[in-house]
Amino acid sequence: MKETALGEFQEIVLLTILILEENAYGVSIQQEIAKRLNKEVSRGSLHTALARLEDKGFIQSEFGEASAKRGGRRKRFYTVTNTGKAALKKAKDIRDDLWNAIPNFSLKIV
Amino acid sequence: MERYSKFLFEDCVNSSFIVHHSSFKKMLDHHPPKYFQRFFRWFCHADYHEELAGDIEEIFYDIIETEGLSAAKKAYRKEILKLFRPSVIREIPWPFSNQITPAMLKNFLKISLRHFGKNLSFSLVNLFGLAFGLAAALSVLFFIQDEVTYEHFHSKADRIVRVNTVDIEDADELKMGATPNKAAFYIKETFPEVEEATRVFPHNFGQTASINYKTNNFVEDRLYWADSTIFNLFDFQFLKGDIHTALDQTKTVILSETTAKRYFGNRNPIGEMLKVDNAIDVKVTGVFKDLPTNTHLPFHVIGSFSGHWFSRPDNQTWSNASFFSYLLLKEGSDKAAVEAKLQAAIKKVIPADNLWYTFELQGLKDIHLFSRGIEDEFGARDVSQIYILSGLAILLLLIACINYMNLATAKSQKRAKEVGVNKTLGASSGQMATQFFIETGLLAFGGVVLSLVILYLFLPYFNQLADKNLSFALLAQPKFYLGLVGMWVLITFLAGSYPALYLSSFSPMNALRTDQANGFNANSLRKGLVVFQFSIATVLIISTLFFYLQLNFIKNKKLGFEPEQVLAVRIQGIRSNATKRALEKELQQLPAVLKTSLTQTFPSRTGSGRTIYKINAPDENGKNLTTCRADPNILNVLGVKLIAGRPLKQAEEQDTIFQVILNESAIKYLGISPEESIGKRVNANLGISEIVGVCEDFHAGSMHQQIGNYAFHNKPTEWLSYLLVKVNTNDLSNTIQQFQDIYTEVAPTAAFEYTFLDESMNRLYAKEEQLAKVVFLFAGLTIFIACLGLFALAAYATERRTKEIGIRKVLGASVGNIVGLLSKEFLLLVGISFLIAIPIAWVAMQRWLQDFAYRVEMEWWVFAIAGILAIFIAFITVSFQSLKAALSNPVEAIKLD
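Heads up: the protein sequence lines correspond to chains A and B, in order. Under my numbering, residue 110 is the last one in the first sequence; the count climbs by one each step, no gaps. Under my numbering, residue 1007 is the last one in the second sequence; the count climbs by one each step, no gaps.
Misleading hints may appear alongside valid ones.
As the list claims (entries may be wrong) - Which residues of chain B face chain A? A partial, calculated answer using Cβ under 10 angstroms:
#1 G164
#2 L575
#3 A576
Unchecked claim - Only pairs whose alpha carbons sit at most 16 angstroms apart, straight line, appear in this in silico EDC-like list of lysine to aspartate or glutamate:
#4 B:K192 with A:E40
#5 B:K184 with A:E40
#6 B:K184 with B:D172
I should point out that these hints are in silico values taken from the structure, not numbers from a laboratory. Bear in mind the structure is a predicted one, so any value in this text is a computation, not a measurement. Just so you know, even glycine gets a beta-carbon here, dropped at the ideal spot from N, CA and C.
Using the sequences plus the hints, can you model the full thing?
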């Protein structure tokens, strides 16, 4: 049976792919995450996350155009599959439930 | 299939893009680091290669545009290393196919550990030998790392050059690190390749400064005056003040963080006034972060160049090479080309009477290690010392490895059975070799760990010895732990190959036979290795002996003057001669003071360089003459003997004829006898001057040089910077305290600083003493490790002959007989190594001694002592074992079997 749970970093990657819409490939995902989370992500750790996500069937990929800047190599574009979207939704629901279950919730940190 | 088509596709796209998109063309001149790119292609899974390689290359070119090439390369390497992870790495075929299975490895590991336990003393000898060798190698690695990274913290270091002045009239092409005042900015304005220039002038030609703040006086030996453009060349991090304007005003200074703390404690120094040498008022305008120690310009205080005598227009000349000129070359300009143009250009610019020199450009990073023969103020280290040290470290490591090989093969007879049984049961040679490599690897790993412990314990001593400030934290750098892993692998293969290949090659038939005829001949190799080890040890012993003899010789050689009990008090902080003389008078009142004299300089420090010409041949080229302006009493204080004539007199203001006292060498050059010379006029760039006396030759410089022409004179061209005081040293600390009190009274705003002449003379040989200590240490370590090996070898040999010894004793052999029998072989080996060591040591020492104009003879008895010492140490080591065997009860030995 395949592991279908979603790690935190994997969740971030999935969401980022959705944000980038048509333009989600390695570099753009990496930069978007760096920009939004304000932390450096190596291409290596991103690769591991993408490979896992693809194994789980949460994302699909296909080759796009090449450019000189890439030494003539093609980009691999990622899209989130329906399974992926469902997993995201499920993760969000669980969180929402948990948030809602907190009594006397206040964002003030004491 | 798919992979090939991909590559073809890549190639097509690649070329077409380069042709069509010329905007990328410039960018594509740069390439990602080639080896990393290849490495990545090698390890990356084919399915991911195109995507990942493309991505990181895209990032690479992005960073080039924003942060430049070196940042991009760095990022690229980092990305590749981080991609080296299981999810990216392709499947690696198990190299031993089905020969070696994980279960077998586990078994090997177990057997290795059992062997260590069974031969504990052997294993410990190996372990410690390796660990000491490694620790020495590591400390040297630390040292070298520090040495070769001089100036690397300046981000433009690659483009910065220093202008050196080369004396083309001097036979040896004397080079100086400094240039005339005009050079730096002339070069900047004339050559478009030069982006920026700055002059750096060590305070008062490299003297220490006395700095006064309110009631406190400080001695400052790192005060430099520099143009404000210095910040465009070198990297400074300002903590207070503004780097853009800090040195724009005249009479401003900036301080390093530590210096600021020293002067002002925790107060804010900005805007405070300091007084330099009791004459120059300067305002503090900035504080910069302390520079790393590995720089030849360890600024503590930098003052603005403008507003002093040396920045006045009449001092902007093409003579007086005292100013260090640094240039920043434009990106991509060629140092050699600029140098050639410069050498051609200055011939037309420099006035004819100064055409004795030309310039050369020296890269900033080369200054520390490659300044042999260049005179400057910075005390560089010569690269040869680095070579010597690395050579010693490698030798030591090699000796430790040899120990391992020796011991491993010595045990071979015992292991032969194990190999035989294994092979009979179907093990291949490769499998057996793996087993032995694993054993070596385990032991080497232990050695690496232990060496770190040793290094940690001994680093403080090493720092003291090497005059460095190395920290154990250096190990945290990736290149060091990569280095450690590298060393581990290297040792495993270096020490493990021979035993592994040798032992695993035993044929099972021979190995299992119980008689002696095993047909292997590791013996001669083992002997060869012992000879090798002891040759090195003996060479080092001989070298150490010669170092000490020579240094001793230097210290005991008659100097021609008496530096003992003479103090040199620095009085540059006092401006007027009247005050200086008042101070001298005051000191003379003290009972402990025997003699005093004011002087410009003293032996062990350089004097002024002038030229002396033969009296009746003014057209002939002169000779170099070192001069020292001094008061009449100078010869008396120094204890230099006057051969003819009389002492100098005190020069008076109306004097137009000045007096000189020449040394014998100078008189010899003039070609007249001392008595004849008295009263003669001599041309020595001192105006009209008359020889009033002739003194004996004395060593004003180090023993590296022959005594040259020297003159004392009374022409007031130089400052009287020192007060020499010959004291009675009975109650020295009290006397010095009295000095200080009087000094502070006479010159309240100048710092009190003094040195003893004999100490100052000894400091001339600091480099040699350091080398002697290092070689001594390495000699000790080498002998120690070699003896460890010898000890274990002797133990083994004795053990093998237990029965023989027992029988010999029964038949009536004495203890002496048996000790002799067992030691003979080893002593013979040490004797051979002694014979090999002699010529090597001879040549090496001959070369080292050549550096000294005055040196000891190469006496035969030094070699003899070293040889006897080596044999003695070896004998002690071996006789431990042989005595034990000889004294044991023969029955114990024979009853076994």
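How the hints compare with the structure:
1. Hint status for B:G164 relative to chain A: holds, with the closest Cβ pair at about 3 angstroms, below 10 angstroms.
2. Among the interface hints, the one on B:L575 is violated; its C-beta lies about 42 angstroms from the nearest C-beta in chain A, farther than the 10 angstroms criterion.
3. For B:A576, the shortest C-beta to C-beta distance to chain A is roughly 38 angstroms, which exceeds 10 angstroms, and the interface hint is violated.
4. At most 16 angstroms may separate the alpha-carbon atoms for a hinted pair to count; B:K192 and A:E40 meet this at roughly 12 angstroms.
5. Taking the CA atoms of B:K184 and A:E40, the gap is about 15 angstroms. The hint holds against a cut of 16 angstroms.
6. A distance of roughly 13 angstroms separates the Cα atoms of B:K184 and B:D172; the hinted pair therefore holds under the 16 angstroms criterion.
When the structure is compared with the earlier hints, violations turn up for hints 2, 3 and for no others.
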